[in-house]
Amino acid sequence: MIRNYIKTAWRNLIKNKFYSIINIVGLTAGLAIGILILFWVQDEFSFDGFHKDAKNIYRLELWGGTGASRQIWQATVYPIGVLAKQQLPEVEDVVRIGYNGDFASYRYHDKIFANDRVAYADPSFFSVFSFPIISGNANKPFNDDNSVVITKSTAQKYFGNDNPIGKVIIADNKQNFTVSGVVADFPENSSMQYDMIMPMSFNIKHMLAQKIDLSDNFDEYDCFTYLKLKPGTSLKALSAKLFNIHIKHHSADTDVAYLLLPLTKMHLYNADLTDRGITTVRVFLIVAILILIIACINYVNLSTARSMLRSKEISMRKIIGAAKSQLFMQFIVETALLFLLSAVFALVLIHFLMPVFNQLSGKQLIFDITDYHVWMVIVLTISGTLLASSIYPAILLSSFEPLKALKGKISSNIGDVMFRKILVVTQFVFSIMLIVGTIVITSQLSYIRSRQLGYDKSHTFSFPMRDMGNHYDAVRAELLKQPGVLDVTRSNQNIIQMNGISGETDWDGKAPGQTFIVHLMTIDKDFLSFFKMKMAAGKGFTGAVNDTSHLILNEAAVNQIGLKDPIGKRFQAWHIKGTIIGVMKDFHFASMREKISPAVFYYYPSYLGNMYIRTTGRDAPKAIQAAQTLFKQYNGEFPFSYTFLDEKFNDLYKGEQQEGTLFNYFATIAIGISCLGLLGLAAYTAQVRTREIGIRKVLGAGVSNVTIMLSYDFVKLVLIAIIIATPIAWYAMSKWLQDFAYRINIEWWMFLVAGLLAIVIAFITISFQAIKAAIANPIKSLRSE
Amino acid sequence: MLSLQHISKFYQVGGTRNFVINDISLEVEAGEFISIMGPSGSGKSTLLNIIGMLDEPSSGYHYFAGETVHQLKDKQRSALYKKYIGFVFQAYHLIDELTVYENIETPLIYQDFKSTERKAMVADMLDRFQIVGKKDLFPAQLSGGQQQLVGIARALIAGPKLLLADEPTGNLNSKQGEEIMQLFKKLNKEDGVTIIQVTHSEKNAEYGSRIINLLDGRIESSKQL
Ligand SMILES: Nc1ncnc2c1ncn2[C@@H]1O[C@H](COP(=O)(O)OP(=O)(O)O)[C@@H](O)[C@H]1O
Ligand SMILES: [Mg+2]
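Chains as they are written, first to last, in our numbering: chain B, 1 to 785; chain X, 1 to 225.
Just so you know, not all the hints are guaranteed correct.
PhoX-like mimics (lysine-lysine), calculated; alpha carbons at most 25 Å apart, straight line [to be verified]: (1) Lys-119(X) with Lys-161(X); (2) Lys-82(X) with Lys-404(B); (3) Lys-134(X) with Lys-15(B).
For the record, the hints were derived by calculation from the structure and aren't laboratory data. The model shown is predicted, which means the values in this text are computed figures rather than measured ones.
Given the sequences, and given the hints that come with them, work out the whole structure.
Here's what the structure looks like:
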């Protein structure tokens, strides 16, 4: 029986080549893109889920600060996790991870690498998390404070194929670390990505030498704390207990509130479960579903439309004894065959598209057909779409009344025509929404690019000077003599994205209990003129000795604390104290998603480790070469690496950029698939109306009359789609824009452009068929009746 | 074999009922060969379709092979139909996508015959109708007479007790028509298949054992030959 179904299905496929090709192309494109996006979505959801105890591990974070500066701090103080484990039975284990910025270079024999993926961690790192140890002991990963565990590829990098255990890596030419273990490379879908892990105990000893006792320090918030909890622990109660412990040691911090973020959520959520990527994932999930629906609609529309042409066959089958269920099965098999073919093509297409998709999305997905997750996505998608596409046509076809069908009375089935129109409108609503999305994202991105940053970042590159910094004045003078070097200045960090913040602030007129977080940056005296920044009041640094006790605030800082006549007032942040000598006009030192934050600038020449060189577009290579030569002169073998501010600035919006590009493609594909369906429907309409067209032409209708007659119906549907899509797209894109502190307005022309685009594309698609029908010889078509 | 009692069929046109079959009663014995005649629009096809359970009467009683058809559910009716009835059409109504062989085989598939059984039965039928050489051709490649032969073969393949034929020779020339009539006669005589045919031709009607004349949905006359 089933063989017979397949045989019939295959013949139908071959016989109606035009429709089969339209269906297969549409389905293949839809399935391939849909599945690719779903791979991406699945990858996002899979982050950090590979740890055996993932369900019981949480990252400890906290609310800190008051008023406008209250925010979530991902890093905690050092002792809280340890105390929690000692005092609370529900805390089974704790892992503290600290960023290791103590060393700039690592050497083994003649191999030197700069490395910023180095962490300090408690030994429990290897027992709480499931990063497999390849050699060494997971329960005792470090032999002593000077041990290090490295990843497999790091071992490869330093030691080639030699056994890494026992080898000594020298940090900054002064500190030895002996390799005590090798861990597998961190999976791509791990939020934690390190190359080397050193014992936290080293860090504690190291800091103790600088008179900072981390084991009893409640001021430094710079280690990540992960807690492994007993199953069923109440997070709310635990957070209260943690607060009590904290308060007992540091009674001033009444505004602290601990949060426990599940390990598996930390990739997509903030600790208060607000968005940290989940929205994008949801948007992509929706886009995948939309594209799949569009592809399914094509199939449903074409097969129901064509069912009229098949009514005779179906009726005869009924009359010679086919039961409804048997016909139903026949159509399901027919659909399944088509889907199977498309699925095979789609898999091939995915195989070829994967590298491109990875490049566009910045992921490293692998199309690994031995991975059951891959099959889960594929099988679910295909069976879901198959189900959605097969049921309705199968019901419709198998429920024909044979006598009516034989007499040709079925073609006037109004409800069914309506149904198809609704589906076409749905397709175009989706397509137009995607086009509007593309336009809005692109406009917002170009707005961000063109918005005045408040400083000039053009043709400027920057790099850490290291030992060259000790000879700054001579180096600067030397550089300025070089062709292509226009100006040189320095600060302690990159201006594009300032990192240093402090909540230890004080100033004249501070209200009791008021807390205030500021960004801190130390700059050279010529920093403002280098970047063409403007002062709102007062003056900048001059390089005089007493400038070290002077501060410059930005307007945002002054406004936020409501400081009147700031010049001459006393201000303190962290250990930097002094009088305010100037107020700087605001400039952007973070993503436009955020409002400009308060910032304080101070003058500490010994901290100024980061050099900026402004060059010209043409002479940039010369300037870089000059900088590199000088750098080598003072830093020897240490690798020289620089970034242009423009590049770093672009990096800030890499996510949005990728989103925009992907959206562009998705919209194109969606409208492409929709048009394929339209092409099929137009061809069908032309076929059904051949006789009518013939008669009209005999009566004197021209090609243009007939073309317009045939196109009008479809273009009308696209118009309806525009009307429906406009408010939905407007709402969705306003939501998307809300994440930006600085954003464009959604303008009416965006919808106009999207709508016109859809209409023009739809019209071109249809008129192709319409013209073909219109220029056909009417005598021929009439004779064939 | 079957009995119609006070069968009527009407279509509602505007406010009035348009009777296509008007209070017809008819008894058919097993082994009969009935020809139904009458002007176009007199209700012949409708009557045949009601007998064949493709159409339902608006009122009346319908008995077939001991079953009370008007009380049966759709499923039971179609089971009854599958078991006893074969249909032949004026326009042949073969399935264009299937070969001659497959057209004949299809009813067996729907009745869940095993593949080996099907092969034997279809081969037998092809043989009997002398169309073995045409078995892999598609309907479009056959003449009208050949197509109707296939149509009859298909109607007979599952061994029906009652063959219903609606103007089976209507699209054929007189020589082809005569061949079909000879075939019907043989089926009726030798295989004992009960036949009811609709025809416009006096000559073809006389192959039957009884001729019924319809006019405006009523039996105008009935004569035993
Ligand atoms: N669905 C229908 N609605 C209304 N009238 C119908 C319908 N089907 C058939 N008729 C009418 O019933 C009458 C009998 O039709 P039919 O049985 O086909 O006649 P015959 O086969 O004798 O030519 C015709 O006048 C036809 O117009
Ligand atoms: Mg008729």
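Here is how each hint holds up against the structure:
1. Lys-119(X) with Lys-161(X): 22 Å, holds
2. Lys-82(X) with Lys-404(B): Status holds; Cα separation ~20 Å.
3. Lys-134(X) with Lys-15(B): 21 Å, holds
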